[in-house]
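Peer 1: Please construct the entire structure, taking both the sequences and the accompanying hints into account.
There are 4 protein chains.
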Amino acid sequence: MIRFGVIGAGRIGKVHSATIAANPKAKLVYIADAIPAAAEALAKLHGAQVASVEEIMKAQDIDAVLIGSPTGFHAEQIQAASNAGKAIMCEKPVSLAVDAIYQTLKVVEKNKSTLMIGFNRRFDPNFAELERRIRKGAIGEVELVTVISRDPSPPPAEYVKGSGGLFRDMMIHDFDMARFLMGEEFVVVNALASSLVDKAIGLAGDVDTAAVQMQTASGRIAVITNSRRATYGYDQRMEVHGAKGMLSARNVHNTTVELHTAEGTVADPVQNFFLERYGAAYAKELSTFIAAVDSGNRDPKPNGFDGLQAQILADAATVSWQTGKPVKV
Amino acid sequence: MIRFGVIGAGRIGKVHSATIAANPKAKLVYIADAIPAAAEALAKLHGAQVASVEEIMKAQDIDAVLIGSPTGFHAEQIQAASNAGKAIMCEKPVSLAVDAIYQTLKVVEKNKSTLMIGFNRRFDPNFAELERRIRKGAIGEVELVTVISRDPSPPPAEYVKGSGGLFRDMMIHDFDMARFLMGEEFVVVNALASSLVDKAIGLAGDVDTAAVQMQTASGRIAVITNSRRATYGYDQRMEVHGAKGMLSARNVHNTTVELHTAEGTVADPVQNFFLERYGAAYAKELSTFIAAVDSGNRDPKPNGFDGLQAQILADAATVSWQTGKPVKV
Amino acid sequence: MIRFGVIGAGRIGKVHSATIAANPKAKLVYIADAIPAAAEALAKLHGAQVASVEEIMKAQDIDAVLIGSPTGFHAEQIQAASNAGKAIMCEKPVSLAVDAIYQTLKVVEKNKSTLMIGFNRRFDPNFAELERRIRKGAIGEVELVTVISRDPSPPPAEYVKGSGGLFRDMMIHDFDMARFLMGEEFVVVNALASSLVDKAIGLAGDVDTAAVQMQTASGRIAVITNSRRATYGYDQRMEVHGAKGMLSARNVHNTTVELHTAEGTVADPVQNFFLERYGAAYAKELSTFIAAVDSGNRDPKPNGFDGLQAQILADAATVSWQTGKPVKV
Amino acid sequence: MIRFGVIGAGRIGKVHSATIAANPKAKLVYIADAIPAAAEALAKLHGAQVASVEEIMKAQDIDAVLIGSPTGFHAEQIQAASNAGKAIMCEKPVSLAVDAIYQTLKVVEKNKSTLMIGFNRRFDPNFAELERRIRKGAIGEVELVTVISRDPSPPPAEYVKGSGGLFRDMMIHDFDMARFLMGEEFVVVNALASSLVDKAIGLAGDVDTAAVQMQTASGRIAVITNSRRATYGYDQRMEVHGAKGMLSARNVHNTTVELHTAEGTVADPVQNFFLERYGAAYAKELSTFIAAVDSGNRDPKPNGFDGLQAQILADAATVSWQTGKPVKV
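Protein chains in written order, with this note's numbering: chain A, 1 to 329; chain B, 1 to 329; chain C, 1 to 329; chain D, 1 to 329.
Each hint should be verified, as a subset may be incorrect.
Note that the list lumps identical chains together, so a pair holds whenever it fits in one copy or between two copies.
In silico DSS-like pairs for lysine-lysine, Cα to Cα no more than 30 Å straight-line [what the hints assert, rightly or not]:
id: 1; residue 1: LYS112; residue 2: LYS199
id: 2; residue 1: LYS199; residue 2: LYS325
id: 3; residue 1: LYS325; residue 2: LYS284
id: 4; residue 1: LYS284; residue 2: LYS25
id: 5; residue 1: LYS110; residue 2: LYS44
id: 6; residue 1: LYS136; residue 2: LYS199
id: 7; residue 1: LYS110; residue 2: LYS284
id: 8; residue 1: LYS14; residue 2: LYS25
id: 9; residue 1: LYS44; residue 2: LYS27
id: 10; residue 1: LYS199; residue 2: LYS27
id: 11; residue 1: LYS58; residue 2: LYS14
id: 12; residue 1: LYS44; residue 2: LYS14
id: 13; residue 1: LYS161; residue 2: LYS136
id: 14; residue 1: LYS25; residue 2: LYS44
id: 15; residue 1: LYS27; residue 2: LYS14
id: 16; residue 1: LYS25; residue 2: LYS92
id: 17; residue 1: LYS44; residue 2: LYS284
id: 18; residue 1: LYS244; residue 2: LYS199
id: 19; residue 1: LYS14; residue 2: LYS284
id: 20; residue 1: LYS284; residue 2: LYS301
id: 21; residue 1: LYS161; residue 2: LYS244
Keep in mind that the hints were calculated from the coordinates and are not lab data.
Peer 2: Here it is, written out as structure tokens:
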């Protein structure tokens with residue numbers, strides 16, 4: 001039985017808390033949030049107790065800390081939890097500053113803490129199956145990875161100001177998936193981007209439409225495209241072209257219903273909301289973490305190094321976009 | 001909070017018990033089973049108590065009885081629960097004997113009991129959406145309903161002997177779906193059937209491959225085909241042809257992954273196991289029952305009349321197959 | 001070089017004439033039609049000559065007669081062409097009267113004439129591939145054949161009066177396809193039908209919506225559904241369920257374009273017009289006939305016996321619908 | 001009636017000659033080829049005469065020259081035909097040297113000649129429909145164009161030496177399609193490429209796997225990926241993401257047949273051969289040219305300017321790949 005303290009009672013904290021509460025191998029003990037009412041409501045819902053972050057770190061009756069606080073707190077909370085001997089599941093990113101990630105990972109390494117980073121898409125049943133088949137050799141050597149990732153609708157321009165920008169806030173997931181599927185690190189990053197969806201996003205110094213190309217030392221190529229707005233739903237697709245074939249994972253539709261009329265054959269819309277689209281992934285992610293802690297596996301993936309590498313690629317893409325030049329990593 | 005006694009700790013009893021246990025509006029209080037160890041294991045898993053059927057019927061601390069016992073006990077247990085003032089959720093069928101169903105429904109009516117029958121497929125998100133769109137007029141008047149229903153693999157010939165035969169044991173679900181989608185009762189039933197999959201099924205007096213045509217008083221037509229064996233998975237599809245268009249619901253694949261090679265484009269197999277394929281349906285079915293009991297709705301659908309009508313069609317199809325003639329109902 | 005006389009300059013005569021004119025192994029020599037202007041226009045288009053039916057039968061400079069005249073003339077023209085030593089390609093049906101077909105086939109047999117019947121769907125690349133795979137054993141023993149066939153829009157009620165009725169005029173093609181895919185003759189036919197699309201069709205003594213079930217001596221089953229109106233295009237699908245798998249052939253869409261919006265993913269409409277949908281089939285049908293005549297193959301399929309069997313099934317279905325009883329054949 | 005002289009009796013010359021011969025508005029008069037036997041065979045097949053290139057240019061009885069000679073001859077033959085007052089349909093590219101294209105277009109402009117360039121993919125019914133819908137506003141403003149283009153199998157390394165390289169020989173089509181779909185010129189080109197398929201292609205100084213990103217002045221983005229080898233067939237797909245939706249065009253499969261087994265649902269392979277995949281496109285391309293000449297339209301698209309722009313992008317991509325830097329155009 002893995003006993004959890006959860007930091008953050010916002011949207012993602014709620015998701016993880018419900019998953020912990022429903023997992024027979026886990027127990028939700030404490031909830032912390034800067035907004036007391038939010039912590040109380042969530043604690044009440046799952047029969048847990050409200051605590052401060054400090055209390056969670058010191059608590060002897062928990063084994064693991066789930067960090068779902070705002071990004072700016074991740075690094076210090078990982079370090080505190082690591083120093084307190086807890087296993088750590090932290091939402092991405094570890095930090096918007098690569099230096100802070102290095103420093104955090106040193107602490108984790110010194111303490112030999114278990115640290116898993118919340119790149120939930122690796123646990124999506126479709127993408128996980130795709131990766132599993134690549135590793136089993138279904139398409140031979142990987143040559144070309146394509147990641148298509150588009151959000152249903154853009155965030156407020158106000159939000160993007162503190163987000164680190166599209167490459168660090170949104171494409172970070174796709175950098176992780178490109179690494180996950182490719183199985184080799186990238187050495188060069190090319191980015192093109194614009195604000196086509198909402199001019200206010202451009203005025204806020206960010207972009208909403210972007211393409212990134214990356215290449216590995218052995219010459220393999222990955223292509224990522226992002227848009228902050230897809231009127232047709234949450235567009236999440238992957239394709240991997242290899243020497244012996246190609247593997248793809250399509251979008252997930254609301255139902256299998258199709259309407260046939262003179263206008264055409266209309267498949268139900270694509271799932272629109274990330275909590276629905278990745279519901280199974282969130283559950284699998286957490287059960288993977290719980291199983292790792294339970295079995296004493298100190299290095300479940302994606303780990304801190306995965307968090308670091310994705311951040312390095314996001315930084316490189318940001319610089320490439322800003323300078324109009326390829327960036328070596 | 002609806003408090004449940006569950007009768008039957010077999011496969012379907014386990015499914016429903018887990019659903020009840022996970023539903024915040026429901027509480028699992030008692031489990032009964034002819035095999036004490038089965039009842040104990042299930043009770044322990046969910047923190048419930050073991051009880052006899054009689055104890056469940058008499059218990060003052062439960063509101064509803066979920067009947068997942070063998071078919072032969074359904075009618076008497078519904079009557080007992082009704083007489084005891086409980087709400088009743090009963091697996092299909094009410095009885096293999098239409099007379100017993102009539103008698104049971106009289107008791108239910110006299111007591112004004114809430115009775116829902118477990119035709120789970122109505123609650124499948126795909127089929128429910130299909131029906132919802134028909135009722136909203138998406139395809140105008142319904143003219144032709146097609147139900148394709150094929151099991152992954154045949155039951156042992158030994159099983160079919162006590163099952164009532166394919167039409168009452170398997171196609172009963174499809175009769176209910178044809179009624180659900182058509183929205184009008186059928187007046188004539190034509191059946192053709194054979195044992196092509198397993199000769200032993202034929203020797204046991206049953207069939208494993210069957211087609212049924214039915215017509216309503218206004219001339220609308222439904223076609224059902226069944227096979228006890230589909231090598232490609234659990235084949236569950238519906239099509240409804242109307243005056244203004246056609247609605248269809250495809251099979252559900254394990255994942256969205258596709259492999260592209262010189263042999264073709266290979267979509268992942270179709271889901272194979274009924275508990276997986278209809279997992280969401282079982283949960284929705286029970287939450288519908290709970291909501292009905294909670295709100296005082298005494299007639300949630302599918303109700304006892306639906307159970308009766310499906311059984312009448314199954315009987316008619318059986319006679320049609322045996323006599324080689326259409327049967328009026 | 002096979003030299004043709006074409007009887008009938010209507011819609012189907014035009015299709016076949018163009019195919020003959022474009023085939024390097026064939027030559028279009030004569031065209032006959034009851035309407036002189038129609039014959040002249042078609043002859044002029046392809047550099048052929050106008051002739052009477054009698055002149056075509058007597059002509060020494062033709063090898064084959066293509067019969068595309070109204071149904072009522074088929075039997076006598078086949079006999080005349082056979083007696084004149086010509087190879088014969090005749091549109092379906094040979095005759096609406098089974099007796100006349102028997103008589104005609106006797107003449108053809110006596111003269112050892114080459115006779116092919118225009119069941120064009122056997123030559124559709126999709127259905128031909130499906131059948132080819134069945135015969136190669138891709139799905140093992142065939143158990144259940146499903147033929148879905150729906151026209152885009154109903155004919156005028158006036159037309160149906162002289163058509164022989166839906167089973168002989170429309171479903172005749174599906175009877176042939178069911179035989180083609182099943183590979184075994186049917187021994188019993190069950191029909192249900194109504195006029196749901198156009199009441200005038202019902203008043204004219206015909207139906208526009210129909211379902212037929214048939215069974216072979218070994219117990220295999222075929223199911224056919226027809227509608228005279230499919231708002232979504234020309235619906236032409238087949239499915240064959242076998243012991244080792246299932247083969248299906250979908251509808252053909254106008255293009256591969258899909259539009260993705262919040263309303264769903266909209267595939268281009270299904271092809272609507274039979275000359276477009278079966279364009280490749282008509283060409284392949286005629287090239288098969290030409291190759292047969294050219295190579296001295298006296299029995300290309302579908303032959304007169306195929307025409308006879310389809311007509312017998314159509315008659316049986318008509319009687320089954322009229323009497324409400326199964327008909328043995 | 002447009003009378004043609006065809007230069008080149010190779011693979012593409014044969015395709016166009018057959019199309020001309022079958023077009024009732026066109027006549028195939030002369031065929032020229034450096035290999036006399038090739039010219040003779042093709043001329044005989046279609047009832048045309050053999051002539052030298054010079055004779056074709058001087059001939060008074062032709063209206064149009066179709067240039068299907070090796071790339072190195074295109075520019076001079078276009079000029080000669082233009083100076084001789086002929087309409088010109090020329091296979092892509094006009095020239096591997098941009099200067100030669102400029103010079104050629106000047107001649108064409110001076111003579112006011114009709115010149116169309118053989119970017120056949122614009123005439124594919126699927127891609128043409130996709131573009132038509134974009135222009136009609138189906139997805140609002142175009143933001144992101146994706147072109148996926150992969151050949152079934154790589155050419156011999158020997159071939160690539162004289163081909164101008166992947167960007168000029170293969171991706172040239174995709175540059176044209178990106179311009180066609182985007183509707184705005186690109187101002188910057190980023191390329192990444194490798195030889196992953198065949199090391200000999202790398203040793204010959206070329207690549208076989210490539211990704212290109214391009215951006216327009218208004219910030220819109222196009223992404224192209226190429227591989228010289230797709231084991232699953234000729235992969236030709238397009239996607240256009242816009243402000244109001246997304247349009248895509250899938251691959252074309254051999255048939256609509258699907259095989260369903262425990263291994264999955266297997267759609268027929270994707271068409272493998274370019275003459276099959278683009279058969280309809282070649283016919284439509286030529287009928288468009290013929291209609292333009294016939295109606296006096298002096299500027300059918302794609303024209304010489306389109307040929308020039310695609311070549312400029314191909315050169316830029318080549319330089320970007322070689323230098324590892326973005327190239328402005």
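Peer 1: State for each hint whether it applies.
Peer 2: So, going through the hints one by one against the coordinates:
1. In this assembly of identical chains, the alpha carbons of LYS112 and LYS199 never lie at most 30 Å apart, being 46 Å within a copy and 44 Å across copies at closest.
2. Taking CA atoms no more than 30 Å apart as the test, LYS199 paired with LYS325 passes in both settings, with 24 Å inside one copy and 28 Å between copies.
3. Taking the closest pair of Cα atoms, LYS325 and LYS284 never come within 30 Å of each other, the shortest separation being 39 Å inside a single copy and 42 Å across copies.
4. Proximity of LYS284 and LYS25 under a CA criterion of 30 Å is satisfied in both settings, with 13 Å inside one chain copy and 25 Å between copies.
5. Neither within a single protomer nor between protomers do LYS110 and LYS44 lie at most 30 Å apart by alpha-carbon distance, with minima of 36 Å and 43 Å respectively.
6. Proximity of LYS136 to LYS199 under the C-alpha cut-off of 30 Å is restricted to the inter-copy arrangement: shortest distance 24 Å between copies versus 45 Å within a copy.
7. Taking identical chains as interchangeable, the C-alpha atoms of LYS110 and LYS284 lie at most 30 Å apart only when both belong to the same chain, with a minimum of 28 Å there against 49 Å between chains.
8. Taking the closest pair of Cα atoms, LYS14 and LYS25 come within 30 Å of each other both inside a single copy (18 Å) and across two copies (19 Å).
9. Taking the shortest Cα distances, LYS44 and LYS27 sit within 30 Å of each other both inside one copy (14 Å) and across copies (18 Å).
10. Taking CA atoms no more than 30 Å apart as the test, LYS199 paired with LYS27 passes in neither setting, with 46 Å inside one copy and 53 Å between copies.
11. In this homomeric assembly, LYS58 and LYS14 come within 30 Å of each other (Cα to Cα) only inside a single copy, at 22 Å, whereas the closest approach across copies is 40 Å.
12. Proximity of LYS44 to LYS14 under the C-alpha cut-off of 30 Å is found in both arrangements, the shortest distances being 12 Å within a copy and 28 Å between copies.
13. Proximity of LYS161 to LYS136 under the C-alpha cut-off of 30 Å is found in neither arrangement, the shortest distances being 42 Å within a copy and 36 Å between copies.
14. In this homomeric assembly, LYS25 and LYS44 come within 30 Å of each other (Cα to Cα) both inside a single copy, at 20 Å, and across copies, at 15 Å.
15. Taking CA atoms no more than 30 Å apart as the test, LYS27 paired with LYS14 passes in both settings, with 14 Å inside one copy and 23 Å between copies.
16. With identical chains, the CA atoms of LYS25 and LYS92 are at most 30 Å apart within one copy only, with a shortest distance of 24 Å there and 34 Å across copies.
17. In the homo-oligomer, the alpha carbons of LYS44 and LYS284 lie at most 30 Å apart both inside one protomer (24 Å) and across protomers (25 Å), since each shortest distance falls under that limit.
18. Only between protomers do LYS244 and LYS199 lie at most 30 Å apart by alpha-carbon distance; the minimum there is 16 Å, versus 44 Å within a single protomer.
19. In this assembly of identical chains, LYS14 and LYS284 lie within 30 Å of each other by CA distance both inside one copy and across copies; the values are 16 Å within and 22 Å between.
20. Only within a single protomer do LYS284 and LYS301 lie at most 30 Å apart by alpha-carbon distance; the minimum there is 12 Å, versus 34 Å between protomers.
21. Taking the shortest alpha-carbon separations for LYS161 and LYS244, only the inter-copy value of 26 Å comes in at or below 30 Å, while the best intra-copy value is 44 Å.
Hint check: violations occur at hints 1, 3, 5, 10 and 13; the rest are consistent with the structure.
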